[in-house]
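Given the sequences, and given the hints that come with them, work out the whole structure.
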Amino acid sequence: MKPIVRVDKVSKQYRIGAREARYGTLRDSIAEAVRAPLERLRRRNGKRNYETIWALKDVSFEVAPGEVIGVIGRNGAGKSTLLKVLSRITEPTTGRAELYGRVASLLEVGTGFHPELTGRENIYLNGAILGMRKAEINSKFDEIVAFAELEKFLDTPVKRYSSGMYMRLAFAVASHLEPEILVVDEVLAVGDAQFQKKCLGKMGDVARKGRTVLFVSHNMTAVQNLCQRAVWLKEGEIVEDGSAGRVVASYLKANSVPAHEQIWEDPTTAPGNESVRLRRASIKPLKQESFDMLTVRSPFDLEFEFWNLQPNARLNLSIVLYNEEGAPVFNTGPADEPKWHGHPFPAGLFRSVCHVPGNLLNDGTYRIQLHVVRDESVVIFRLDDLLVFEIHESVERRGAWFGKWIGAVRPSLPWSTELIEADTALVGDED
Amino acid sequence: MDIIPSNIGSSLEATHSHPQTRPIANEATHSRQEHLLPDKPLVTIEPGKGWGSLELRDLWTYRELLYFLTWRDVKVRYKQTALGVAWAIIQPLVTMLIFTLFFGRLAGVPSDNIPYPIFAYAGLLPWTFFSNAISNSGNSLVGSANLITKVYFPRMIIPGAAVLAGLVDFAIAFVILVLLMIYYGVIVTWTVLMFPVLLLLTALLGLGVGMWLSALNVKYRDVRFALPFIIQLWMFVSPVIYPASFLPPQVRWLLWLNPMTGIIEGYRSSLFGRQFNWTALAASTVITLAALIYSSFTFRRMEKTFADII
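These protein sequences, in sequence, are chains Z and A.
Here our numbering is used: the first residue of the first sequence is 1, the next is one more, and so on.
Here our numbering is used: the first residue of the second sequence is 1, the next is one more, and so on.
Hint data in this document are derived by calculation from the structure and do not stem from the laboratory.
Beta carbons are placed, not taken as given, at the ideal position from N, Cα and C, and that holds for glycine.
Warning: the hint list may mix true and false statements.
[What the hints assert, rightly or not] In silico DSS-like pairs for lysine-lysine, Cα to Cα no more than 27 Å straight-line:
hint, chain 1, residue 1, chain 2, residue 2
1, A, Lys40, Z, Lys9
2, A, Lys304, Z, Lys234
3, Z, Lys9, A, Lys304
4, Z, Lys57, A, Lys79
5, A, Lys75, Z, Lys57
6, Z, Lys152, A, Lys304
7, Z, Lys159, A, Lys75
8, A, Lys304, Z, Lys159
9, A, Lys219, Z, Lys134
[To be verified] Cβ-to-Cβ under 8 Å is the rule here; a few derived chain Z residues that face chain A:
hint, residue
10, Ile4
11, Pro92
12, Glu98
13, Gly101
14, Glu108
15, Thr111
16, Thr269
17, Leu386
So this is what it looks like as structure tokens:
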């Protein structure tokens, strides 16, 4: 079948450091203009004196109409760059892509929302920014409002909305886009679970309506459920392209290299943003065990050290533990910790420890995703696969059963069995 | 399923030019529905080759967004201000009063036999529109970084909307002009028919200069600091405070190199029924169109890197 999207050897180069030195001043440019010819004379090979990085390298693939493709890969693998090229936000350095249908991209929900405008006004504004016509917005207006469940607050400026309301409204508009090709970045990484579920449901509907969808996600379960096909990107190149189940499995396998501790000494380069930077993350066995000895019975601590750079921020960490199938096992945060929870954090270095009891997890490989949350609702920073570790089977708990115990968890629950009434007459029935 | 089946027949489909029929969503199956894909790609994405085309058709497709962004700028401008739209009147009115006092009365600057207050106001009206246009559009791209890095649309719309939004202020300040003209008993003649032409010319010049500055601002934030300074100097070399006839004839042509000279003098001729200086107007028109064309092409060439460097 003829493809609706054809990507042919697309590459994108960025200058390293371009993010820090974001824009030059005229003076720099003048100085550069004077220096550049001299520099070129000095080094005859004509190489430029800055380093570059290929965010995408010779990426080629085709998408058939109606196909739903998941794009997976670690942070910085080039997933977002690929979507930006396909949505025409940035140009490729080399290569070519052809789109045989109308594209709408959803790299963020609520793009262009203006805090001073009301919900009603923002529906029109955001819809227009996403490429909807006024008549189209008019015809879908009631539906959008119903989906967002914000009938009562339509004429309230969105700056008075809670972050949950804001997200609902933003996603409601975005989900009513009806392009032939929909390009979606990890918009589901924010918001509460119920909201995420609703969004995933809506995405599923879009897919079933025969639209072509390119979907970037870290949620492997979502990729497996929504997509028939997945493309795995690593350092700007396609590693594997095939059925979603197979690609997700090999991606998870390849990323199971244990990471028991990660340390960043320099707060300027540590992962994070202008509010928070991470210093250290580690998993610490509590019974003088080595990491290789962690069993289903072992309790352990997860330790996180971070710099808070903005005084008076109300922060909390939130971690999601994923199993080897990519399914979230649990999500936990220090909600019951009275000392800091809900209180402003002064600027400084903090350590948060999460205790995980023994007899909770099943055996297998686990990975920790960390969220830094502000005001208990806004995810300001997320890091995937921060810690990866293996939980082994324990001889004591295995018993005579040699197969794998099924289930996402393996709790040791109290059981009791008692004899209610002895009845010898039952024995005779056997023969 | 809570989705209306399709939007076939909506204006979106009606204006859609390529031969595409969209199947009405029916069953929730995963079957690939047969699309009739166009033979040629709707969009081809490849690295730009220097000076490209203006892609005016693309701009036309996004005309509604231009409307919405203008509407947003207008709506938001006076939010959370105590005086609201009164600011659109205060700015030129107070400037006019001060100019009348210092230049009209104390310095005795001539005003081509027109009462100085209305002479100054007729100059300040287009000048305020023009200076707001270049200052708002010049800063518009940098202020819309979140849009530029997340959504595609022709970037020209952003400075364009900033210029258009100024028309509302212009209209409000124009009401004061009408009142002043009634007060001073100015009789309007056929020359007033040139007024809309002059307004268009002002807007185009504002767009030409503003668009170029906005693109430059993405790369060099110096523009933000230079802008107020440029605007101030530009006003002094435009006949806002004084008439063009104030300068000796030998050097007057120098003033005409400034496209705002012909335009501002034109407004006065149009409002007060004077003879137009067609040479000056022609010079302004040529310079305006040249600026607009140059800045459009420069903008198109530079916009490709906006998302990467903003």
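Item to complete: Would you check the hint for Lys159 of chain Z and Lys75 of chain A, treating anything up to 27 Å between C-alpha atoms as holding?
Response: holds (15 Å)
Discussion item. Against the 27 Å threshold, does the CA-CA distance of Lys9 of chain Z and Lys304 of chain A hold or violate the hint?
Written reply: Satisfied, since the Cα-Cα distance of roughly 19 Å is no more than 27 Å.
Practice prompt. Mind checking the alpha carbons of Lys57 of chain Z and Lys79 of chain A for me, to see if they're no more than 27 Å apart?
Written response: Violated, at roughly 47 Å.
Practice prompt. Classify the hint on Ile4 of chain Z as holds or violated, based on whether any CB of chain A lies nearer than 8 Å to its CB.
Written response: This interface hint holds because 6 Å falls under the 8 Å limit.
Practice prompt. Have a go at the Glu108 of chain Z hint: is there a Cβ in chain A nearer than 8 Å to its own Cβ?
Written response: The hint holds - Glu108 of chain Z has a Cβ within 8 Å of chain A, the shortest such distance being about 5 Å.
Worksheet item: If you take the shortest Cβ to Cβ gap from Glu98 of chain Z to chain A, is it below 8 Å?
Response: holds (4 Å)
Worksheet entry | Given hint Lys134 of chain Z paired with Lys219 of chain A - CA-CA distance at most 27 Å | violated (33 Å)
Item to complete: For the pair supplied as a hint, Lys152 of chain Z and Lys304 of chain A, confirm whether the alpha-carbon distance does not exceed 27 Å.
Response: violated (42 Å)
Worksheet entry | Pair hint outcome, Lys304 of chain A versus Lys234 of chain Z [Cα-Cα no greater than 27 Å] | Within the cut-off at roughly 26 Å; holds.
Worksheet item: Would the stated hint for Pro92 of chain Z survive a check requiring a Cβ distance to chain A of less than 8 Å?
Response: holds (6 Å)
Worksheet entry | Lys40 of chain A paired with Lys9 of chain Z [C-alpha distance capped at 27 Å] | holds (19 Å)
Worksheet item: Has the given pair, Lys304 of chain A with Lys159 of chain Z, been kept, meaning a C-alpha gap of at most 27 Å?
Response: Violated, at roughly 32 Å.
Violation of the numbered hints given earlier is confined to hints 4, 5, 6, 8, 9, 16, 17; the remaining hints are satisfied by the structure.
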